[in-house]
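If you're matching positions, the sequence shown starts at 1 in this note's numbering and goes up one per residue.
None of these hints come from the bench; they were simulated from the model.
Careful, some of the hints might be misleading.
Derived lysine to any residue pairs resembling SDA-like cross-links, with alpha carbons at most 20 Å apart [stated by the list, open to error]:
| hint | residue 1 | residue 2 |
| --- | --- | --- |
| 1 | K144 | G100 |
| 2 | K103 | L143 |
| 3 | K103 | E197 |
| 4 | K144 | R160 |
| 5 | K144 | Y203 |
| 6 | K137 | R85 |
| 7 | K144 | T86 |
| 8 | K144 | G107 |
| 9 | K139 | S122 |
| 10 | K139 | P77 |
| 11 | K144 | G175 |
| 12 | K144 | H200 |
| 13 | K139 | G210 |
| 14 | K137 | A172 |
| 15 | K144 | I189 |
| 16 | K144 | L198 |
| 17 | K137 | P112 |
| 18 | K137 | L98 |
| 19 | K137 | P127 |
| 20 | K137 | T86 |
| 21 | K139 | E113 |
| 22 | K144 | I114 |
| 23 | K103 | G78 |
| 24 | K103 | I114 |
| 25 | K144 | F109 |
| 26 | K144 | D53 |
| 27 | K137 | E94 |
| 28 | K144 | R184 |
| 29 | K103 | P77 |
| 30 | K144 | L98 |
| 31 | K137 | G107 |
| 32 | K139 | A93 |
| 33 | K139 | P129 |
| 34 | K144 | A208 |
| 35 | K144 | D130 |
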Amino acid sequence: MGRSKVEKNTATVLKDAESVLSRPVGRDFSMQGALPDQAPYGLVHSELRRAADRALTAGERGRALENAAAYAFSAVPGCEVRGRRTIDPWQSAEIDLLVGNRKREDGLFYLPEIILVECKSSVHPVPVPDVRDFAFKVKHRDLKLGILIVAAGATGARDRRSAAHHTAAIAAALGTRILLVTTRELMAISTAGEFVELLHEKYFQLAASGTFGADG
Numbered sequence: 001m002g003r004s005k006v007e008k009n010t011a012t013v014l015k016d017a018e019s020v021l022s023r024p025v026g027r028d029f030s031m032q033g034a035l036p037d038q039a040p041y042g043l044v045h046s047e048l049r050r051a052a053d054r055a056l057t058a059g060e061r062g063r064a065l066e067n068a069a070a071y072a073f074s075a076v077p078g079c080e081v082r083g084r085r086t087i088d089p090w091q092s093a094e095i096d097l098l099v100g101n102r103k104r105e106d107g108l109f110y111l112p113e114i115i116l117v118e119c120k121s122s123v124h125p126v127p128v129p130d131v132r133d134f135a136f137k138v139k140h141r142d143l144k145l146g147i148l149i150v151a152a153g154a155t156g157a158r159d160r161r162s163a164a165h166h167t168a169a170i171a172a173a174l175g176t177r178i179l180l181v182t183t184r185e186l187m188a189i190s191t192a193g194e195f196v197e198l199l200h201e202k203y204f205q206l207a208a209s210g211t212f213g214a215d216g
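I would like the entire structure built from these sequences, with the hints used as guidance.
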């Protein structure tokens, strides 16, 4: 492929990506079919690097992490990001991402049809109040699964079920399951299939251990 054609294709990918991320909150902005197969994870990794850039403001880092999560989920067969930064009618809670899952055999087959996603770009482990608040958001909407995407893990230890891990265990016992995914884990994968495998493995670990699946 000639250089000019490569540059043209790259420009097209970036233009499509910018269009996807600028669509209004609450609208379907799935990238299914909008980007070449190899494009989403280059974009995921690019946004993850921005999320770790301390030269940016906390708001900019948080937005970058949300972008990375949106790219990752939209690349999964059968998944669509159906809402972003959605605020409830009482102005009391915001949802970073609302993901629809058609449960395709080559997608997130074992996970529920609707998934809430919250992103935390803080350099500090996610504390108990943040996990408790997120679990409440999931429970309040009568949903079964929430996914926390974080930069620095969670407080406490899974084997002792302490701190945030204990909070996640209580939530699971009450029917609200929370998965914990780290930015380091996302940086280590390069395809939608690997992302699906990661989430399925964490879902099974949660069922077996009663709290967060092992965080990387």
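Hint check:
Using a Cα cut-off of 20 Å, the hinted pair K144 and G100 holds, with the two alpha carbons roughly 13 Å apart. At roughly 16 Å between alpha-carbon atoms, K103 and L143 fall within 20 Å of each other, so this suggested pair holds. A distance of roughly 14 Å separates the Cα atoms of K103 and E197; the hinted pair therefore holds under the 20 Å criterion. Only pairs whose Cα atoms come within 20 Å are accepted, and K144 paired with R160 is rejected, the gap being roughly 24 Å.
Taking the CA atoms of K144 and Y203, the gap is near 12 Å; set against the 20 Å cutoff, the hint holds. Restraint check for K137 and R85: the C-alpha separation of about 13 Å stays at or below 20 Å, so the hint holds. Annotation: proposed proximity of K144 to T86 holds, straight-line Cα distance about 18 Å (limit 20 Å). As the CA atoms of K144 and G107 are separated by approximately 18 Å, the hinted pair is consistent with the 20 Å bound.
As the CA atoms of K139 and S122 are separated by approximately 24 Å, the hinted pair breaks the 20 Å bound. Simply put, K139 and P77 have alpha-carbon atoms about 26 Å apart, too far for the 20 Å limit, and the pair is violated. Restraint check for K144 and G175: the C-alpha separation of about 7 Å stays at or below 20 Å, so the hint holds. As the CA atoms of K144 and H200 are separated by approximately 15 Å, the hinted pair is consistent with the 20 Å bound.
Simply put, K139 and G210 have alpha-carbon atoms about 17 Å apart, close enough for the 20 Å limit, and the pair holds. Of the supplied pair hints, the one linking K137 and A172 holds, its CA atoms being roughly 14 Å apart against a limit of 20 Å. For a cut-off of 20 Å, the pair hint linking K144 to I189 is broken: about 26 Å separates their Cα positions. As the CA atoms of K144 and L198 are separated by approximately 18 Å, the hinted pair is consistent with the 20 Å bound.
Under the criterion of a C-alpha separation no larger than 20 Å, the hint pairing K137 with P112 is consistent with the structure, at around 16 Å. A distance of roughly 12 Å separates the Cα atoms of K137 and L98; the hinted pair therefore holds under the 20 Å criterion. Of the supplied pair hints, the one linking K137 and P127 holds, its CA atoms being roughly 16 Å apart against a limit of 20 Å. Straight-line distance between C-alpha atoms of K137 and T86 comes to about 12 Å, which keeps the hinted pair within the 20 Å bound.
Taking the CA atoms of K139 and E113, the gap is near 15 Å; set against the 20 Å cutoff, the hint holds. The suggested pairing of K144 with I114 holds, with an alpha-carbon distance near 8 Å, which does not exceed 20 Å. Using a Cα cut-off of 20 Å, the hinted pair K103 and G78 holds, with the two alpha carbons roughly 6 Å apart. For the hint pairing K103 with I114, the CA-to-CA distance comes to about 10 Å; that is within 20 Å, so the pair holds.
Under the criterion of a C-alpha separation no larger than 20 Å, the hint pairing K144 with F109 is consistent with the structure, at around 15 Å. For the hint linking K144 to D53, the alpha-carbon distance of about 33 Å lies beyond 20 Å, and the restraint is violated. Under the criterion of a C-alpha separation no larger than 20 Å, the hint pairing K137 with E94 is consistent with the structure, at around 9 Å. As the CA atoms of K144 and R184 are separated by approximately 25 Å, the hinted pair breaks the 20 Å bound.
With a C-alpha separation of about 9 Å, the suggested pairing of K103 with P77 holds against the 20 Å cut-off. A hinted pair counts as satisfied when its Cα atoms are at most 20 Å apart, and K144 with L98 qualifies at roughly 13 Å. Taken as a hint, the K137 and G107 pair is broken in the structure, with Cα atoms around 25 Å apart against an allowance of 20 Å. Restraint check for K139 and A93: satisfied, since their Cα atoms lie roughly 13 Å apart, inside the 20 Å limit.
For the hint linking K139 to P129, the alpha-carbon distance of about 15 Å falls within 20 Å, and the restraint holds. Under the criterion of a C-alpha separation no larger than 20 Å, the hint pairing K144 with A208 is consistent with the structure, at around 16 Å. Taken as a hint, the K144 and D130 pair is honoured in the structure, with Cα atoms around 18 Å apart against an allowance of 20 Å.
Checked against the numbered hints listed earlier, the structure breaks hints 4, 9, 10, 15, 26, 28, 31; every other hint is satisfied.
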